[in-house]
Each structure stands twice: as C-alpha cells, then as structure tokens.
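2 protein chains.
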Amino acid sequence: MSTTPAKPHRVVIVGAGFGGLEATYRLAGAPVSITVIDRRNHHLFQPLLYQVATASLATSEIAWPIRYLLRDRRDVTTLFATVTGIAADRRCVVLEDGSEVAYDTLVLATGARHAYFGHDEWEKWAPGLKTLEDATTLRRHILVAFERAERETDPERRAARLTFVIIGAGPTGVELAGTIAELAHHTLPPDFRNVDTRKARVVLIEAGPRVLAGFADDLSAYAQRSLESIGVEVVLDQPVTEIDRDGVVSGGQRLNAKTIIWAAGVRASRAAEWLSAPHDRAGRLIVEPDLTAPGHPEIFAIGDTVTINAWNGKPVPGIAPAAKQEGRYVAAMIKARLNGEKLAPFRYKHAGSLAQIGKRLAVIDFGRIKLRGALAWWIWGIAHIYFLIGLRHRLAVALTWLWIYLRDQRAARLITQGSSKVVG
Amino acid sequence: MSTTPAKPHRVVIVGAGFGGLEATYRLAGAPVSITVIDRRNHHLFQPLLYQVATASLATSEIAWPIRYLLRDRRDVTTLFATVTGIAADRRCVVLEDGSEVAYDTLVLATGARHAYFGHDEWEKWAPGLKTLEDATTLRRHILVAFERAERETDPERRAARLTFVIIGAGPTGVELAGTIAELAHHTLPPDFRNVDTRKARVVLIEAGPRVLAGFADDLSAYAQRSLESIGVEVVLDQPVTEIDRDGVVSGGQRLNAKTIIWAAGVRASRAAEWLSAPHDRAGRLIVEPDLTAPGHPEIFAIGDTVTINAWNGKPVPGIAPAAKQEGRYVAAMIKARLNGEKLAPFRYKHAGSLAQIGKRLAVIDFGRIKLRGALAWWIWGIAHIYFLIGLRHRLAVALTWLWIYLRDQRAARLITQGSSKVVG
Chain B
1 MSTTPAKPHR
11 VVIVGAGFGG
21 LEATYRLAGA
31 PVSITVIDRR
41 NHHLFQPLLY
51 QVATASLATS
61 EIAWPIRYLL
71 RDRRDVTTLF
81 ATVTGIAADR
91 RCVVLEDGSE
101 VAYDTLVLAT
111 GARHAYFGHD
121 EWEKWAPGLK
131 TLEDATTLRR
141 HILVAFERAE
151 RETDPERRAA
161 RLTFVIIGAG
171 PTGVELAGTI
181 AELAHHTLPP
191 DFRNVDTRKA
201 RVVLIEAGPR
211 VLAGFADDLS
221 AYAQRSLESI
231 GVEVVLDQPV
241 TEIDRDGVVS
251 GGQRLNAKTI
261 IWAAGVRASR
271 AAEWLSAPHD
281 RAGRLIVEPD
291 LTAPGHPEIF
301 AIGDTVTINA
311 WNGKPVPGIA
321 PAAKQEGRYV
331 AAMIKARLNG
341 EKLAPFRYKH
351 AGSLAQIGKR
361 LAVIDFGRIK
371 LRGALAWWIW
381 GIAHIYFLIG
391 LRHRLAVALT
401 WLWIYLRDQR
411 AARLITQGSS
421 KVVG
Chain F
1 MSTTPAKPHR
11 VVIVGAGFGG
21 LEATYRLAGA
31 PVSITVIDRR
41 NHHLFQPLLY
51 QVATASLATS
61 EIAWPIRYLL
71 RDRRDVTTLF
81 ATVTGIAADR
91 RCVVLEDGSE
101 VAYDTLVLAT
111 GARHAYFGHD
121 EWEKWAPGLK
131 TLEDATTLRR
141 HILVAFERAE
151 RETDPERRAA
161 RLTFVIIGAG
171 PTGVELAGTI
181 AELAHHTLPP
191 DFRNVDTRKA
201 RVVLIEAGPR
211 VLAGFADDLS
221 AYAQRSLESI
231 GVEVVLDQPV
241 TEIDRDGVVS
251 GGQRLNAKTI
261 IWAAGVRASR
271 AAEWLSAPHD
281 RAGRLIVEPD
291 LTAPGHPEIF
301 AIGDTVTINA
311 WNGKPVPGIA
321 PAAKQEGRYV
331 AAMIKARLNG
341 EKLAPFRYKH
351 AGSLAQIGKR
361 LAVIDFGRIK
371 LRGALAWWIW
381 GIAHIYFLIG
391 LRHRLAVALT
401 WLWIYLRDQR
411 AARLITQGSS
421 KVVG
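Listed in order, the protein sequences are those of chains B and F. Under our numbering, think of the first position of the first sequence as 1, with each following residue one higher. Under our numbering, think of the first position of the second sequence as 1, with each following residue one higher.
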C-alpha cells in the first residue's frame, strides 16, 4: 500500500487532549481520512488548569475549540460527541445517540478523571480538577469561602471558612496550595474589611513522605521549604481517612475546613472496559510495546488512559509530554504500516519535570541539571507560554501574568453559576 | 450637620451596577459609612454582554470583582449577599439568611431582568441576556446548534439547527443578530466539514414598525439595510404569539428554529414590591423628582428598577449613562442633605445612542449629529474600550477585538456546563 488507496484508510481518534491532538497533527499528509471525536468542543491546556481554579487565568486563555485548531486540515472531520462503547468486532465506535463511526485504525486518547480510592462520597466535599467546569466550580468554592468569612461573626466558623485543605502534594497540589496562599496573602487583603485574609490557613496534606515525589530529593525539600515560606502548612506521611462537610481527618487529627480540594489520584477513562482489556488498579489499559491494545493491532491507546513501562523499564508518567510522544509514535506507526514498514517499540524520553510554587519560586528537574527559585520560575513561565497554541493566547496569558506579577491582581475573580443565595 | 458626626451617617447601596457603583464612587470623602450589597460578586459591563453570548469576549473581560473596585475606599464595606426585603419602619435591609443591615439612607439600584409579558413558559425556549450565566448559557446554545447541525443528516432538522431567531430589535437584539450572522458567515465556515455555516439563517423579529426604535428614523432604516447586507432577515410588525421547543410563530407564520433568543422586554427588580410602592406595568418603581420612593425621603431608587419622566418630560431610558447620572445625583443629594442644602430635581441629559451592527457597521445618534458606517463603528469601539474599568481590561478587550477584526477569530468559543451528552 505505498500508493494512495481509492478509499482512504479511516483513522478515528477519540479524545483531543495532548495525545490525540498530536497524533492528528502528525498524520498530516498521510493517505488517511481522520475523524476526531471529543465530548468537549475544546482542547484544554491542563497544566495551567489550577490557574483557572485560583482566579489567575480565564477559561478562554487555556482552551481552544478543537475544530478551530484543525480548520486547515481538510482530511479531518471533528465530531462533538460522547463515545459510549466500541464494537471492536465490527470496527465501530458507538456514540451517545446510538450512531456508529467506522474505523480501520482506532486511537483511544480518552484521558483520566480524579479518583477517590473507593471513597466516591468524598467527591461532594473534596472536588478535583480535570475540566474547565471543575476549575470554575473550585474557583467559586474558594472565592465564596472568603465572602462567607467576611460575613461570619462566629470566630470558629470563620476560621473554618478561611481554612483551605489540599489533598495530594504532586505538582497540581503544590501549585494549588502555593497559588491559594498568594491569593489570600497578597491579592485579597486590601479588598476585605471584616476579615484579615492573611490569616487564612492553607494546608497541604500528603500520604507519602515528601512533596513532589517525582522530583529529586533536594528539589522536594526545597519545594517544601518554599511552600512553608509563603505560608503553606505541609503535612506529610498522613493519609486522609475521612472527609465530610466540615473538614478532614488525617493521622487521627480532625481539621475543620470549608474548602477541601482533591489532588491525590486519578482513574483512567473507560477505554480498557470498552475493550475488556487488561488494566491496572487505576483502570489504565496495559498496552503492548507498540501502544496497541492486546489482541487488537488496529487499536492504539495513549496518554493517561494507558500504562506502559517504556521509560527505561519504569512506567511512563501521566504528563502532557508523555501523551504527546505517544501520539507522535502512533502517527508514525500508522504511516509505517501503510508503507509496509515496521517500527521499534515505543520508548519514552523524559525531558524534565517543572512545578511552580509561587511568585519567583519554581523547581525544574532536567535530570542532570536541577534548577530552583527565580530562574526556574522564569523558565517555567516562558516554557508554558511557549507551549500554548497561537500568538493570541500567548499574548493574553502574558498580559494576565504581567498584571499578577506587577500588581498581584487576578482579573478572573468571578463567582458564577448562581447568585449568593445559590452558591456555597 | 456640617461637621463630621461621631457616628457617621450609614448609607446602604443595594446593587453594584452602573448606578449603584457611581453613587458609591461619588460619595468618596463624604462623612458617611457605606455598605454595598450585591448578590453577585462582580460588576458587569452589560452593554458588551452580547459579545460574551456570541463567543467574542471572555466573561472576565467585562466583569470586575466589586470589592476589588472598592478596595481603596476604607469607608466602604462590600457584602456578597441577596436582599430579600426591606423593613422600612425599622430602616433595615433584610438578607437571605435573615440577618439585617441598618441604614440611615438607602439606595436601591437593583436593576431589571428580562420579561415575557405573561408568557413565562417561553423562557425555557427563548432565554434572555442579563447575567454572565445567561451569556455563557446562550453561547452554549449557539455553539451547540452548529455542532448538532454538523452531525444531523435530515435536511429539515439540520435547517432548524441552523436557524437563529432573535426576538426584539432594540440595541441588544440588533447586536446579537449582527454578531451571530458574522459568526456563521465569517468565523465558522472553515471549521465545519458537513454543513456550510454560511447557510445559517439569522432572523430578527420585531413587534414594532422598525429596528432601533430609540434612534432617528434614517438611522433605523440604515441599520435595517446594514443587517440585511450581512445576511440577517429582518421581520417587522410581527409580534411573536407562540414559542416552543421547535420554533416560533409570528404573524401566523411558523418558523422552525432550535435557537431562540429573547431581547424583547424587561421587568424591574422587586424594589417596588419591597416598599409596596407605586410602579408601572413593568414593575418599575415610580420615583419622586428627587429619585426618592414616595413617602420615603430616606430611600432613593435609581437605574432600570425605576421610571421617571425626567428627560424633557419623557421617561429616562434604561441605559447605563442614565443609571450613572442618577447615581451621581443621589450622591450629590446625600451630601447636600448632610450639609443642610437643597438640590433641584433630577434631570436626565442624553449624550447619545450607539449600536454596533457588524464589522465596520454601527450607528450613533448624538441628536444633532448622526453617524453611520465605519466611522461610527470605530467611535463605538473606542468609546466602549474607554468605558471599561482599568488598563488591564482595556488592553485585553482591545487585543481580543484586534484578532476578531484581523482574522475573524473568536477565542471564547467554549461550550461549558457539561459534555456533549448533557448539553443541547
């Protein structure tokens, strides 16, 4: 099949996150017709989602309409639809209205949601952060907490309103804790009359022995010190055993808090379930070395919905660059197969890990080179602006960050989804 | 009372729209302590709300946290709370949790909602536009309509998905119709594969004999021609008699449409009801010449929740400049009273009327001077950027408009509030 077939090979890509979009981009020019299906109309830059949740960035600054990103690709059709199953025998994807989309090659890039390890009842009190709606809901929670504190006269209840607990000290947890501390200590104080928002407690609770477990030991220690220097209380080795409307229990200690945020774990999408394929405890499909589903050479699965030990024998981490590398590999595989060629198994190359802690505070772990503090923070900022799509979004985010940097002003401090009667 | 009293005069201002905020600003330096109460945490620049509904601007570009705007005013306390009534005998405002806020002078600036003239059941099918949530809900409606059309195979149903009906040809209706036409005809075409969004029908239905009834006749005629030139169908003298899930009936004719937007009428807030005060048919409190409620010299009411014939004997229009002038007058009245002085009755001065129709198309009616076309459009744009609060918002909106002007790109094309299964 080295010539273009009369009826082009049909590739269906489910999910337009980092992995699915990269596969689509890399298939440009290949003799295929592509259908991209997503149940959202937008691609989301998840690494900055915590900035929407903390009123730093607006929703439209980190999201792009998928069909707009693919408007120049006449070989791509975008569908705003929810996949509910896969009829692998008929090579069809089933949509929510019962209609089907046929494929020759399928790419599952359906991501993950947050997970509560068998405590789904916690979600109500400790929401997580994966979608734009999650972020605006968290933003409402956080901003309403300060508003309620301003009106509260009972000192204990006021203290609970001003206590913010973040569970899980990975990058998202650390970034949320640091930004909420800055919000409380630098952005909000001049705006309130009855409460001193600088007295807000931000508590980061981690079940493991250190923050940013994916980073080198000394960077973890530095991150912890930095968090503490900007007013975050770091609690280590304390798994949370209870969450209710009034607070959390960890290490046998109850902490009264009206805002609790879950950043402790994820569960893969239902891709493995759709295929009745082997998966790990987090529901991640265990893929073959070429990223296909076992027994289905025509089905690839990539990103947060899979697990594979392709990082020098270790599992590939659930981060955007990994999903992108997998998307790139799958595009190359599809092209190679159409040319009757073979490819070596997928291998993940780790470029580095970055996390922002606060203003002029970040850590970067490039392996040999480790950076911390102001330099790391500038590199973090420039890298993230670079990875945004398009000049307009880059300018908009740069402008927003400039205002936060110079004036501690966060323009996106909007409580939406109802009036004061409805919320919180 | 020309000296500052030991216990300052307590002014409570309900509503931080254009009127309430202006009164607060103008009371700076007066010997009063002010409490501003709003059930939203943000001031909203309503004249550009239609641009959020049509995916042109982001929510945070036209909204500001109220307490942020008043952060430097130590004499002002901001409360995020919903007023549920007024105990005028005890001079207290009652909040949603039953607590009370005492006043010496009360300013009601509680605005208006859209109204359906006894057809409240229409709201479900023809939402209106007054809040940020209204705008993001409308945005979702409009964007989902195009998405559903892309997946629809039945030609009739597809046509209904691509028919947008706007009821009411005042400035909001005209601006919505013009912008939806531009979205369909210029922004979206390259993004879709199965439908030609240029074939979308945008129908503006008006019960009266002309569009923009508040403008001079020749500007109305020009506006209608301009709308038609950019693909809007203008239907005049046809009151809508029926609205349901499949479309509207006007002038005995049924029009199948999946997106219907209500821009035809407003109803005042419950301010008149709270005071058992006289009101007109739209619920607007009929205020005294000094903007006080009849029988309550200590209660002022301003903006869209009142009616007064203070424009050379005609009713003051329900627009932002009118609310601001009333807010300014009330602040002057409060200060005059504290000094034992008197003021002449309120008189409204009309600066002019502006409406945008489309790119390089606008009308401005300054009374003697009337402008239309490209010059009017530039003045419209510059005026609106000027009236935004703060350099950051001005830069952000200018950047966004620049991209729309140069590239027809609308960055805020986000369908939120649920996935493809939930919406539409």
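Keep in mind the hints are simulated off the structure, nothing from the lab. Among the hints, erroneous ones may be present.
Identical copies look the same in the list; a pair holds intra-copy or inter-copy alike.
Said to hold, decoys possible - No farther apart than 30 Å at their CA atoms in a straight line, the calculated lysine-lysine pairs in the DSBU-like style are these:
(1) Lys-421 with Lys-130
(2) Lys-124 with Lys-421
(3) Lys-349 with Lys-314
Keep in mind it's a predicted model, so treat the numbers as computed, not measured.
Hint numbers the structure violates, sorted upward? none
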